[in-house]
Amino acid sequence: MNSVDLTVKIGSLTLTNPILLASGTVGYGNEIAEFIDLNKIGGIVTKSLSLKPRKGNPPQRIVETPSGMLNAIGLQNVGVEEFLKEKIPFLKQYDVPLICNIAASSIEEYVECTRLLTTEDFIKAFEINVSCPNVKEGGLQFGNNPIAVGIITQKVKAVTNKPVIVKLSPNVSYISEFAKVVKDNGGDAVSAINTLVGTSFNINTRKPKIHNVFGGLSGPAIKPIALAKVLEIKQKVDIPIIGIGGIMNWKDVVEFMIVGASAVQIGTLNFIDPTASIKMIPEVEQYCLENNITQISELTGSYSSQK
Amino acid sequence: MNSVDLTVKIGSLTLTNPILLASGTVGYGNEIAEFIDLNKIGGIVTKSLSLKPRKGNPPQRIVETPSGMLNAIGLQNVGVEEFLKEKIPFLKQYDVPLICNIAASSIEEYVECTRLLTTEDFIKAFEINVSCPNVKEGGLQFGNNPIAVGIITQKVKAVTNKPVIVKLSPNVSYISEFAKVVKDNGGDAVSAINTLVGTSFNINTRKPKIHNVFGGLSGPAIKPIALAKVLEIKQKVDIPIIGIGGIMNWKDVVEFMIVGASAVQIGTLNFIDPTASIKMIPEVEQYCLENNITQISELTGSYSSQK
Amino acid sequence: MFIYNSAIEKIIALENNIFLLKAHCPEIASTIQPGQFLNIKVSETTFPLLRRPFSVCDVEGDSIFIMFNILGEGTKLLQKKHIGDTLNIIGPLGNGFSLGGNFETAVIVAGGLGSAPFPYFIKKLNMDKKIACFVGGKSEHDVIQYGMRNVKVSTDDGSLGFKGNVVELLQQELSSYEYSKIKIFGCGPTAMLRSLREFTIKNNIECEVSTECAMACGFGICMGCPTESAKQNDKYLLVCKDGPVFNVKDVVI
Amino acid sequence: MFIYNSAIEKIIALENNIFLLKAHCPEIASTIQPGQFLNIKVSETTFPLLRRPFSVCDVEGDSIFIMFNILGEGTKLLQKKHIGDTLNIIGPLGNGFSLGGNFETAVIVAGGLGSAPFPYFIKKLNMDKKIACFVGGKSEHDVIQYGMRNVKVSTDDGSLGFKGNVVELLQQELSSYEYSKIKIFGCGPTAMLRSLREFTIKNNIECEVSTECAMACGFGICMGCPTESAKQNDKYLLVCKDGPVFNVKDVVI
Ligand SMILES: Cc1cc2nc3c(=O)[nH]c(=O)nc-3n(C[C@H](O)[C@H](O)[C@H](O)COP(=O)(O)OP(=O)(O)OC[C@H]3O[C@@H](n4cnc5c(N)ncnc54)[C@H](O)[C@@H]3O)c2cc1C
Ligand SMILES: Cc1cc2nc3c(=O)[nH]c(=O)nc-3n(C[C@H](O)[C@H](O)[C@H](O)COP(=O)(O)OP(=O)(O)OC[C@H]3O[C@@H](n4cnc5c(N)ncnc54)[C@H](O)[C@@H]3O)c2cc1C
Ligand SMILES: Cc1cc2nc3c(=O)[nH]c(=O)nc-3n(C[C@H](O)[C@H](O)[C@H](O)COP(=O)(O)O)c2cc1C
Ligand SMILES: Cc1cc2nc3c(=O)[nH]c(=O)nc-3n(C[C@H](O)[C@H](O)[C@H](O)COP(=O)(O)O)c2cc1C
Ligand code: FES
Ligand code: FES
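Chains as they are written, first to last, in my numbering: chain A, 1 to 307; chain B, 1 to 307; chain C, 1 to 253; chain D, 1 to 253.
Bound conformation, chain A alone (with noise of 0.2 Å):
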C-alpha cells in the first residue's frame, strides 16, 4: 500500500500535519491531554497569552447558537511568566510543536511577549492575534487597522527567529489586504479567521445573554464565512495560510486546503469532541491515498476553476 507524506511547512515551521488545535479551544493542553495523545497532533496553539495574568469577563461568557456559539471570555490566561513557569513543563512532556498565541493592548506590549517567550526553545513559533472581537482597549482595534497589523508584524518579526504567523479578523471588507500587509511587514504566515462579531439577547429581560454584550462567533455556522475568506487571501496574496473556522470533520479539512489553507486548526470542534481532531488525520490521509496525493501541500490551492 502507498503513504502519503502528511507533513507540512509554515515558513520554516514543520509540523507532522496539517492539523492543529486552535487558540482559545485547548487552554495550555492539559485537560485534552486526557482524551488523546498530544505526540500524534499538528500542532497546539495556547490560549491567547498577554504580559500579565488577565481575569477575563465576567460570567455569563458563551451562549449558544444555531449551529455555533459566542464566546466572550475576554482573554483570561495566565500570562507569560506564569505560562513559562507552570504551563510549558507539562507540554514538554510532549513532541508536539507549540505555537504561543499572543493577544496584547499595545504595539509594545507584543513586542515584549514575544521577547521573553522566544527564548524558550521548546515555542516553535508564534501566533499574533490582533483580531480578539472580545477586548478593546482605548478603542483601539488592532485587527480592523491595517497599518497596525503591518507595525506589529515587522516589530514581533525584528525581536524572533521564530515563524511568525499573525491571526486575521474576519470583520472587515476584505480580509486579502491584511494578509498583503503581514506579507509586507515580513510575516510568515496569516491565519483565517478568528470569530465573527454577534450578540444575542433575553428577550425577557432584554438584557445581553453575554455580559461583554458582544461575543465572537465559531462552530459550524462559519464555515462558509472562513472558506470564502481563505479562499480570498489565496486568490490574492502568496503566503501560506492557517484555515481556521467551523470543521466538524475531515471533509471539512479537505475543503479548507482546496480552497488555500496549508493547515488547518480545530477550535470549536473540541469543546463538542475532545478526541475528533486525532481521528481526522488517518482519514484525511485515506482521501490522499483514494485521490493520488503524494504529498499532502499538493492539495492546499487545489480547486478547480473549471465549471
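Just so you know, these hints were derived from the structure itself, not from any lab. All clues stand as given, with none of them false.
Computed Cβ-Cβ distance ranges for the label pairs, DEER-style:
#	chain 1	residue 1	chain 2	residue 2	range
1	A	Ala148	D	Gly84	53 to 61 Å
2	C	Gln79	A	Glu82	49 to 57 Å
3	C	Gln79	A	Ser173	38 to 46 Å
4	A	Gly11	B	Lys55	41 to 49 Å
5	D	Lys249	A	Glu86	21 to 29 Å
6	A	Leu289	C	Gly72	19 to 27 Å
7	D	Gly84	A	Ser173	47 to 55 Å
8	B	Asn30	C	Ser30	21 to 29 Å
9	B	Phe90	C	Lys130	39 to 47 Å
10	B	Thr7	A	Asn249	47 to 55 Å
11	D	Asn16	A	Ile107	54 to 62 Å
12	A	Ser173	C	Gln171	52 to 60 Å
13	A	Gln306	C	Ser139	28 to 36 Å
Only pairs whose alpha carbons sit at most 27 Å apart, straight line, appear in this in silico DSS-like list of lysine-lysine:
#	chain 1	residue 1	chain 2	residue 2
14	D	Lys76	B	Lys279
15	D	Lys235	A	Lys55
16	A	Lys87	D	Lys241
17	B	Lys251	D	Lys138
18	C	Lys22	C	Lys123
19	A	Lys207	B	Lys236
20	D	Lys235	D	Lys249
21	B	Lys52	C	Lys231
22	A	Lys92	D	Lys241
23	D	Lys235	A	Lys52
24	A	Lys236	B	Lys207
25	C	Lys22	D	Lys81
Note that the Cβ used here is the ideal one computed from N, Cα and C, for glycine as well.
Fit chains B, C and D with the ligands to the given chain A structure using the hints.
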C-alpha cells in the same frame, strides 16, 4: 382585554405591523399568496429589479450549510418594464404595502429604475440594494464603498418623494459608517443585513458547489451577526432600521426589535415554512400584551444596558 | 398546494438499502399526480435547514408513499423516524407526467433511484396503454424494480441483465416498436437523461423526463432551481415550477 | 474522564414532567461520585451544537441515571429518544459532594430540579450519617422528592407543606439540630443558593453547594464557566473543573 398597536412607521411609510417579507425570498408575491393572506403581512419587498431583465447565474445556485444556505441567484428578474406590466396587477388585488427593491450596476441605472417605478402609486417605498454579493460589474461593489452609497442615496432621493431605504452589506468593517452616510444623504431608513459572503466546495471534484463560486449566506446561522450589526447601527446612528437575518420565529422578531429594529424582514424562512411570517404576528402581539407594551415601537432599541 | 404535519404510518425497508415511507396526508393524496413531488422537512430543528424534495412514489387511499435511499444527513434522519412521528410536507408540487396522449405504449426508462415516481405512474396511466419498463443501475444492487411491470434490466457491470447502460438497452430493444406509437418517460441520473434526450430527439420519439436540481423552496419563490431552456435563450426555466417533468425538447440537459 | 456512545436503556416519566433516563456506561458508572456530572451530546447533528450538562442522579450496576425536565431544544430532543438510541457522554466531570467528614447529619436542601444529584448522594453517603431532606418548589408540581429520605417540603404558594422558600423552612426546622454536628448540601436556583450561603456563613454551618452555569466543554478547556472566587479577587474559579460542588465559603454566588 387590552390590545396592542402594532403599526410602525418607517419615515413616511406606515405599516400595519412590523413583519415584512424580504427581497428575493417571495418573488413577486404570486406563489406565497397560495399559502398566506397577503393582506395581513406588514409589507412585501420585491425581488431586486433592474432596468432590463436579467437571466441570473447558471445552476447550481444554492447550497445548504449548517443552519444556513448559500445562494448566488445573480439577480434573475423580469426588469422594471415587465414588472410594471405583468407583476404589479396581481399584487394590486391586495391591500399590502409594496416596497420595490432595486439593484443596478451603475448609479444611473438606480436612478432610472426609481424614476420609472415611482409613478406607480401602488409602490409605497424603495429599498435600494447596494449590497448583493453575487453580482459585480466592472469590479465595482457599491456596498463596500461609502462614497458610492452616499451618491446613490442622494440621487435616488432626488427622483422620488417616497421613502428610500438602503439595504446595507454586512461584509464591511463598520456597517454604522454606511448607515451614517445614508442618513447624511437623506435616506429614510436602512435595512440590515443582506447576506454574508461565503463559499462551499465539493471535495471530490474540487469545484465550487455554486457556479458563481461565492454566494450569500442566509438563515439562522447568521442571526447573531445580524443582531450585532443592527445594534452597532442603533448605538451610533439615529435612523430607522429594518432588521433582517436568520429570523425563524416570533422570538427572533422581538430580539431584533429590542436591539434596535423598527421592523423586520423574513427571508430564508419563507422557503422552509411559507406560512410562518403570518403566524408570528399574533405571537408578537401576545408578547407585547404580557410585557405591557401598548405600542410596538416601544420595543425598538429597548435593550437594557444594566448587567 | 398544501402544507401540513403528516403522520408517518410505515417505513418499509426494501432490498439494497432502499426505503418506502408511508405518510397520512389526505389532501395531497387526493390531488397529486404521478411525477409531481413533495417537499419535506425531515427535522424540527434548523439542521438540516432546508426541505428535501421527493417524488410521489405511490398513493394508497389517504396516504402517500415516497421511495428513498440514504444519501446524506437528511435521508439518514428520515430513515430513523418512527411510526407516529410527524413530517411537515408541502405538496403537490410541480408538473407531473402526461397520462394520456396519442401513444400505445408507455416506455419507462429508470436509472437507480429514478424508479421512484413510476409505481404511481403505472397505476394511474390510462387503461388503454401498454407498458414496457427499462430499469438500469451500476450493478445488481442499484436496480430498483419495485412497482414496475414488464421489466428489462441493465447493469453497467453486467451483474444483472444487459451489460451496459439503460439507454443502450433501450436502443437495442426499441427496434421492435413503432416509434410513433410509443412515448418514453425517463427519470434518473443527468448523464442518462442527456443520452435519452439525444436518442429520442434524433429518432423523433416523444419523451418526457423528470429532472433533479438543488432546491430551496420547491414552489417558485427562491429562483434557486434554474434549468436551461431549449427555446428561450434569455430565460431559465425553474425545475420546481416548470418541471420537474419536462418534454425533452423544451430543456437542455 | 471517559467519552463514549452509551445506549439508552430506559426513559421513565416521573410526575410533573420530570424524566429519568438510564444509560449503559460501565466505566463512568464505576467511577462517578455523587455531585459529579456528565456532559451529553443529545443529537448527532450540529443542532444543538453543544453538549448538555446533567448531574448524575443515580447509579445502578453498569448504568447511570440522569433526571431532567423539558426546558429547551436539548432536553426536548432527549425526552423523545427511544430505547437503544445512543448518547455520546463525557464523564465523570467536576468535583462531587463530600461523603464523609465530622458531621452527624447530612442536611439536604434542594429547590426544583436541584433534587437531581441527591438520590445517588443518599445512596453513597457514609453509613454512620443521618439524613434530613428539605425540598422546595414554586408550587406542589415543582417539588421533586424522588429518592429522598426524611423529607420536609416547602412551596412558595403554600400548595404543599410549608408556605415559603426552602431556606426559610430550613431555618425554622434547623433549631432542633446542633449546628456543629450537621453539614448542609444544597442544589437549586441561584437565589436559593445565595440565601443558603448567607445563612450558613452567618451561623457557621458547614455547607457545600452544587452550582450551575452555561458551559461549552465541561472539562476546563473553553474558560466559559467562571464563577467569582471568595478568596482570590484576581482569578475566577471554573464551575466545571473547580466545581460544580463548592464549599460555600470558597465562592461568591
Ligand atoms: C423533484 C425532485 C424529486 C426527487 N425525488 C426523489 C425521490 O423520489 N427519492 C429520492 O431518494 N430522492 C429524490 N430526489 C433527490 C433528493 O431530494 C435528495 O436525494 C435528497 O435531498 C438528499 O438529501 P440528504 O440530506 O440525504 O443528502 P445531502 O447530500 O446531505 O443533501 C445536501 C443538499 O443537497 C441537496 N441534494 C442532494 N442530492 C440532490 C439531488 N439529487 N437533487 C437535488 N438536490 C440534492 C439536498 O436537497 C440538500 O440541500 C428528488 C429531487 C428532486 C429535485
Ligand atoms: C453542572 C450542571 C449540572 C446540571 N444538572 C442538571 C440535571 O441534573 N438535571 C437538569 O434537568 N438540568 C441540569 N442542569 C441544567 C441543564 O444543563 C440545562 O437544563 C440544559 O442544558 C438545558 O438544555 P436545553 O437545550 O433543554 O435548554 P436551552 O434553554 O435550549 O439551552 C440553551 C443553552 O443554555 C444552556 N443552559 C440552559 N439552562 C441552563 C442552566 N440552568 N445551566 C446551565 N446552562 C444552561 C444550555 O446548556 C444551552 O447551551 C445542569 C447544569 C449544570 C451546569
Ligand atoms: C471559547 C473560545 C475562546 C477562544 N479564545 C481565543 C483566543 O484566546 N485567542 C485566539 O486567537 N482565538 C481564540 N478563539 C478563536 C478560535 O481560535 C478560532 O479562531 C475560532 O473559534 C473559529 O474556529 P472554530 O469555528 O473551529 O471554533 C476562541 C474561540 C472560542 C470558541
Ligand atoms: C435565495 C435568496 C435570494 C435573495 N435575493 C435578494 C435580492 O434579490 N435582493 C436583496 O436585496 N436581497 C436578496 N436576498 C437577501 C434577503 O433579502 C435577506 O437580506 C437575507 O437572506 C438575510 O435574511 P434571512 O436570513 O432571513 O434569509 C436573497 C436571499 C436569498 C436567500
Ligand atoms: S426551488 Fe425555489 S424556485 Fe425552484
Ligand atoms: S465549561 Fe469549558 S471551561 Fe468550564
